[in-house]
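Number of protein chains: 4
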Amino acid sequence: MLSIKRLSRDEAFIMIAAAEKKATAIGVPQVIAVADESGNLIAFSRMDGGKSSSIQIAIAKAFTSGAARNPTMFYNEHCVPGSPSFGIHVSNEGKFSIIGGGVPVYAGNDCIGGIGVSSGTPAQDVEVADAGVKALEAQWKRKKARTKK
Amino acid sequence: MLSIKRLSRDEAFIMIAAAEKKATAIGVPQVIAVADESGNLIAFSRMDGGKSSSIQIAIAKAFTSGAARNPTMFYNEHCVPGSPSFGIHVSNEGKFSIIGGGVPVYAGNDCIGGIGVSSGTPAQDVEVADAGVKALEAQWKRKKARTKK
Amino acid sequence: MLSIKRLSRDEAFIMIAAAEKKATAIGVPQVIAVADESGNLIAFSRMDGGKSSSIQIAIAKAFTSGAARNPTMFYNEHCVPGSPSFGIHVSNEGKFSIIGGGVPVYAGNDCIGGIGVSSGTPAQDVEVADAGVKALEAQWKRKKARTKK
Amino acid sequence: MLSIKRLSRDEAFIMIAAAEKKATAIGVPQVIAVADESGNLIAFSRMDGGKSSSIQIAIAKAFTSGAARNPTMFYNEHCVPGSPSFGIHVSNEGKFSIIGGGVPVYAGNDCIGGIGVSSGTPAQDVEVADAGVKALEAQWKRKKARTKK
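Here the protein sequences line up with chains A, B, C and D, keeping their order.
Following my numbering, the numbering of the first sequence begins with 1 at its first residue and continues without gaps.
Following my numbering, the numbering of the second sequence begins with 150 at its first residue and continues without gaps.
Following my numbering, the numbering of the third sequence begins with 299 at its first residue and continues without gaps.
Following my numbering, the numbering of the fourth sequence begins with 448 at its first residue and continues without gaps.
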């Protein structure tokens, strides 16, 4: 039997809260999804004004970063005509996103989930997704520091 | 031009919080989705232990109750072989759910969204979805009372 | 962070070997799939003579029993017109199977995966799936007995 | 009436065993699928640690190499904008993979199936798929040698 590490529901919403805060700061209402290490949705928020076309994109970015364990930008850079990974953008019934804005969450060497953001430019989406991941990592550090005392 | 009434992001999460509270009270980790009046996802939470097969079902129940403006149980009762609405359960590329647990949200005569719950028995799912709707209605009443003063 | 129990690759093939042995004994070439606790495929074998139409069915049965944590026969019994769970057979983009032959695997209270069998009658499929589960449970008992010594 | 040559279940697992051995040697837990000459799945193994997003990709690579009778890399090289085969990567409802890692199996002039590997880099996936094919060809040679004696 295997023992798998997975983002909890509360951790997913810590990420969403921080991502929404960053989205508000840069003035872009975003659609934000968090998936687990298997790519399955844990948490989701579409801010007022977020695009309805971004719902599936955000969920796909969360799936991709969580299940494939890389930022979607990694695949974006490699998935160009003539490259051997070209075509990955149409895999998984269209649920594999190579658009910037999906970022995996690692606990040590284990990918335990991913966050996907959509509605802004890819650069804005990445910035908001990163804010979500950093907030969770900061929370982990605070917890660890408390435990050590 | 039309002016459409729609659940806000904050209202969606008021519903999810109340639904999660009820789910915890009855001891069933649930998957909860809230959609707008067009059927598009606004908010989502999979409680720790919620089934991964319930993700699409909860989203489908929210879509159905929000967009079709009836509880999914309404369709469940009518969608039986020989009835003229039989077949609706396979419409919308499988996203039309007739399983109990989807409940629309009305503001007066306007359906402004819907909540869908999945992972328990249909009766438990309905109970948890109802708790979400009631919490939002109670909040509206409190606001109205404050405004009158 | 959550810690999730999941069937390993080797455990999945212990189940497939036992299921194939039973299928051979009853003279029905079967298609056998094993999924993890999230419903994702781990192992698969189509015996020579197994039906090609059974590929998706076996995978769907494994998904359903692993992710929804019940035998597919449970849903078969409940999913009848007029029942509040009628309609579940068309959920999850057709990947939710209510045909007999999907059986979950439990380690204590945790569902860690599921096995799905297709090509025979539902009764034969259940018999073969059960043989797979029992073989794994027997192996666990032997291991436990060895550890105690 | 036609007589079709097709990979057997046992031959498929000879390929998977050799592919897994190579995957272990290069330190990449892989997802491996084997399809028949019609593109239908015969055998599948997701090694512990293989990505869940690779399940559909490996199956698509096996389908493509078995049914289209070429390595997926062949299509990767030709499927570039401006080339007359550009667009094939979105055919077959997304099940046609042009990512490196799908390799057909030939018995003389007949394509009798294909193997698809996913989770590593395309180069690693090709290396592991090739190991599967070579192991089966070696086994055929040994059998032939024995028959001659």
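No wet-lab data here; the hints were simulated from the structure.
Don't take every hint at face value.
Unchecked claim - As a list, the in silico DSBU-like pairs of lysine-lysine whose alpha-carbon atoms are at most 35 Å apart:
1. Lys319/C x Lys581/D
2. Lys154/B x Lys293/B
3. Lys319/C x Lys244/B
4. Lys581/D x Lys595/D
5. Lys432/C x Lys596/D
6. Lys21/A x Lys292/B
7. Lys452/D x Lys542/D
8. Lys244/B x Lys141/A
9. Lys319/C x Lys588/D
10. Lys393/C x Lys244/B
11. Lys319/C x Lys144/A
| field | Numbers of unmet hints, in rising order | value | Those not satisfied are hints 3, 5, 8, 11.
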